[in-house]
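K.L.:
Starting from the structure of chain A, add chain B where the hints point.
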Amino acid sequence: ETGVTQTPRHLVMGMTNKKSLKCEQHLGHNAMYWYKQSAKKPLELMFVYNFKEQTENNSVPSRFSPECPNSSHLFLHLHTLQPEDSALYLCASSPERASYNEQFFGPGTRLTVL
Amino acid sequence: TQLLEQSPQFLSIQEGENLTVYCNSSSVFSSLQWYRQEPGEGPVLLVTVVTGGEVKKLKRLTFQFGDARKDSSLHITAAQPGDTGLYLCAGGDQFYFGTGTSLTVIP
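Quick note, the sequences are listed as chains A and B, same order. For my numbering, count along the first sequence from 1 and bump the result up by 725. For my numbering, count along the second sequence from 1 and bump the result up by 2.
Just so you know, the hints here were simulated from the structure itself, not pulled from any lab data. Please note that a few of the clues may not be correct.
Claimed, not checked - For each label pair, taking beta carbons as the anchor points, the in silico distance ranges come out as:
| # | chain 1 | residue 1 | chain 2 | residue 2 | range |
| --- | --- | --- | --- | --- | --- |
| 1 | B | Ser28 | A | Gln807 | 26 to 34 Å |
| 2 | A | Lys766 | B | Thr53 | 40 to 48 Å |
| 3 | B | Glu17 | A | Met740 | 44 to 52 Å |
| 4 | A | Thr741 | B | Gln16 | 34 to 42 Å |
| 5 | A | Arg734 | B | Val52 | 28 to 36 Å |
| 6 | B | Gly55 | A | Pro820 | 43 to 51 Å |
Beta carbons: idealized from backbone N, C-alpha and C, even for Gly.
Bound-form chain B, shown alone:
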């Protein structure tokens, strides 16, 4: 089993603040994906990272894949209430998902 641990589990911040969430594993992944899930909905893909050390930007979101392809981070700049949701990382041939980070951005 390729375990993906995410931290923090819960995060509540004020609008405009920056934050980083982490996805860590002891296993090597050929690729990792980040999803966001809003209440009452299924997860929606944000990005896929495939190369060690890769950095991808999606507007105010910056995703990084660790050099050893065992970990990844998601940094949000100037968080907005619309960023509220459950952030999930996923990877591996068996579609392993992390435990998730529940983010609340307070207006």
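Pulled out of the complex, with its shape left as it was, chain A reads as follows:
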């Protein structure tokens, strides 16, 4: 496989469920990102990891919990979500955390919270 992959591609969950989103990159990059894309709103940066260390948490509610076990894998653990959390969740990677670096995005996970 090449590039950035995300699983699952679609997820429907109730507000009391616990689920996890997975992202894997095969590009040898050291920075990984989680974004939220909602209708009629700009892409919102959620978390940034650089060399496995979390460098940014953009005031994301604690019901979203990221995990980066190594530079190739990134998880987003979800629990007790709200319907307004329904969105497309995009993972991205770049050589390192720098604003001028190209980010490579995965196809996203379409999340629906009932």
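P.N.:
Chain B only, in chain A's frame:
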């Protein structure tokens, strides 16, 4: 927060027409990037502009970075159906993205 406003929000044109989309901010950016996102996919980088007044060309796409590095434009010549997608500008140390321009090119 470095807000990036894009216009127009939606654009539907006939194949062969020219178009320009804009990305504006009140903040200065050290660099701006343009991405295109197709349905069911993540954004894909088209170009990065870093110097005020810079113009970059990518086949039928021309990108310009404003002299003051607060705005940018994307001009497409002779649009084709394959250009259909959501065009996003992005910049800043916190990876701010614009609201996007959804382009539809009708055959």
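K.L.:
Holds or violated: the 34 to 42 Å window for the beta-carbon distance between Thr741/A and Gln16/B?
P.N.:
violated (50 Å)
K.L.:
Falls inside 43 to 51 Å, the C-beta gap from Gly55/B to Pro820/A?
P.N.:
Distance hint for Gly55/B, Pro820/A is violated at roughly 27 Å.
K.L.:
Measuring from beta carbon to beta carbon, are Arg734/A and Val52/B in 28 to 36 Å?
P.N.:
Given a distance of about 34 Å, which is inside 28 to 36 Å, the answer is holds.
K.L.:
Regarding Glu17/B and Met740/A, is the given constraint of 44 to 52 Å on their beta-carbon distance met?
P.N.:
Once the Cβ atoms are compared, 46 Å apart, the range 44 to 52 Å for Met740/A and Glu17/B holds.
K.L.:
Honestly, do Ser28/B and Gln807/A meet the 26 to 34 Å range at C-beta?
P.N.:
holds (32 Å)
K.L.:
At the C-beta level, are Lys766/A and Thr53/B separated by a distance inside 40 to 48 Å?
P.N.:
violated (30 Å)
Checked against the numbered hints above, the structure violates hints 2, 4, 6; every other hint is satisfied.
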